[in-house]
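Chains as they are written, first to last, in my numbering: chain A, 4 to 140; chain B, 14 to 237.
What the hints contain is simulated information worked out from the structure, not anything from laboratory work.
Watch out, some of these pointers could steer you wrong.
[As the list claims (entries may be wrong)] Selected chain B positions facing chain A (in silico; Cβ < 7 Å):
id, residue
1, Ala52
2, Gly56
3, Ala67
4, Ala70
5, Val73
6, Ala165
7, Leu172
8, Gln173
9, Gln174
10, Ile179
11, Ser183
12, Asn187
[Stated by the list, open to error] A few chain B residues that don't get close to chain A, going by computed Cβ distances all over 12 Å:
id, residue
13, Ser22
14, Asp68
15, Asp115
The beta-carbon is built from N, C-alpha and C at its ideal position, and this holds for glycine as well.
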Amino acid sequence: MKGRQPWVSARAGAAVAILATVSGCGSSQDTPAETAATSFYRALDTGDETGACAWLAPKTREELEKSSSKDCPNALRAETVTSPGAFRDVTVYGTMAQIRYAEETVFVTRFRSGWRVMALGCTPQAVGPYDCEIKGA
Amino acid sequence: MRSFVRENSLSLFFGGIFLASLVGETFAGMHQFNAQQAAVGLGQLTWFQYVLSADFAVDVAENWQSEFLQFLLYLTATVWLLQRGSPESKELDKAGRETDKDQKVGRHAQKDSPSWAAAGGSRTRLYSSSLAIVMGAIFLGCWLVQSVAGWAAFNENRLQQLQDPIGWRSYLLNADFWSRTLQNWQSEFLAVGSMAVLSIYLRQRGSPESKPVGEPHTATGVEG
Chain A
4 MKGRQPWVSA RAGAAVAILA TVSGCGSSQD TPAETAATSF YRALDTGDET GACAWLAPKT
64 REELEKSSSK DCPNALRAET VTSPGAFRDV TVYGTMAQIR YAEETVFVTR FRSGWRVMAL
124 GCTPQAVGPY DCEIKGA
Chain B
14 MRSFVRENSL SLFFGGIFLA SLVGETFAGM HQFNAQQAAV GLGQLTWFQY VLSADFAVDV
74 AENWQSEFLQ FLLYLTATVW LLQRGSPESK ELDKAGRETD KDQKVGRHAQ KDSPSWAAAG
134 GSRTRLYSSS LAIVMGAIFL GCWLVQSVAG WAAFNENRLQ QLQDPIGWRS YLLNADFWSR
194 TLQNWQSEFL AVGSMAVLSI YLRQRGSPES KPVGEPHTAT GVEG
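Generate the whole structure from the sequences, applying the supplied hints.
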């Protein structure tokens, strides 16, 4: 994971602090788009990979399973998903939202059932789209 | 009632087909949007969500602004510009804003003229351009809505492609804004120009937009 501490190894020590930052850094209420990302990381933090998978967009989940040749929960266990760091801001346009954290950017998308994580572990590139650790097609 | 419908049939007809087309656009647009979303594994919109979406708003506004621009330009250009033989043009010796007598304003107003035509001063000046002012205001309003809705729709697409959104000012310089704008403008200008020229030689019997069928091609400013 490019030199960052894996989520799995960071769980025990930093969980509370990370959850505080992911959930809005003191903001009183998440937007629905933020809630999807927050819920995903919270589920990972509590070891509920199955719950975390439920917060992924279907295409993202499909790509994750395809690229790892594992089902989604096991693929997430194998992935070294890191803490995104402190929440910075969220930008929403229609069915899409970009949530920027200190360490990475997350893209979420809206379905009729609610917002789901489309890409995470994203870092900007000099040219072109973000490079993401996990994403849909 | 029958008399009301007959005497207002032109506006009722166009009002009706406008609403029918707009409603049709909401359904066709929603299916097109949802098909594109499904192709890349993204969520679907309900009809109500689509009607409130930037995608629908920009599609509507970009067409509306160009239509009102078309009539604004035609309205004002035909004050000064002429087309020999066209019923869309004034007679060749009448270019310009014409005299108060010709226009029936101020002391030349008739008993049944609009009160602001007879009032003189700023009210008559304002009323003398009121159609262009309102058309221009609607054009600018629709163009502004197009820019904001187009910006939101463009950024939604950028986020789908995992790219940062851009600011509204940057969008005003973006090819997407000008492509949407100019593709509508060129079609309106073509239609108006074609009408001005084709009506020199071609006729539609009974239409005030055409010369009478037997009128010579050289007759200018004559409507049927």
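Per-residue hint verdict: Asn187(B), partner chain A, C-beta under 7 Å: Since chain A brings no Cβ nearer than about 15 Å to Asn187(B), farther than 7 Å, the hint is violated.
Restraint outcome when Leu172(B) is required to lie within 7 Å of chain A by C-beta distance: Status holds, d = 4 Å.
Status of the stated non-contact between Asp115(B) and chain A (beta carbon gap over 12 Å): holds (53 Å)
Hint check, Val73(B) versus chain A [nearest Cβ-Cβ separation less than 7 Å]: With a minimum Cβ separation of about 15 Å from chain A (threshold 7 Å), the hint on Val73(B) is violated.
Hint validity - Ala67(B) Cβ closer than 7 Å to any chain A Cβ: This interface hint holds because 6 Å falls under the 7 Å limit.
Interface hint for Ala165(B), Cβ within 7 Å of any Cβ on chain A: holds (5 Å)
Cut-off 7 Å, beta-carbon criterion: hint that Gln174(B) touches chain A: Holds. Min distance 6 Å.
Interface hint for Gln173(B), Cβ within 7 Å of any Cβ on chain A: Because about 6 Å separates Gln173(B) from the closest Cβ in chain A, which is inside the 7 Å limit, the hint holds.
Interface restraint verdict for Ala52(B) against chain A (beta-carbon cut-off 7 Å): violated (10 Å)
Hint check, Ser183(B) versus chain A [nearest Cβ-Cβ separation less than 7 Å]: violated (14 Å)
Ala70(B) as chain A interface residue, shortest Cβ-Cβ below 7 Å: Check failed: Cβ of Ala70(B) comes no nearer than 10 Å to chain A, outside 7 Å.
Chain A contact restraint for Gly56(B) - C-beta distance below 7 Å: Holds - the Cβ of Gly56(B) comes within 7 Å of chain A, reaching about 3 Å at its closest.
Hint compliance for this structure: hints 1, 4, 5, 10, 11, 12 and 14 are not met, and every other hint is.
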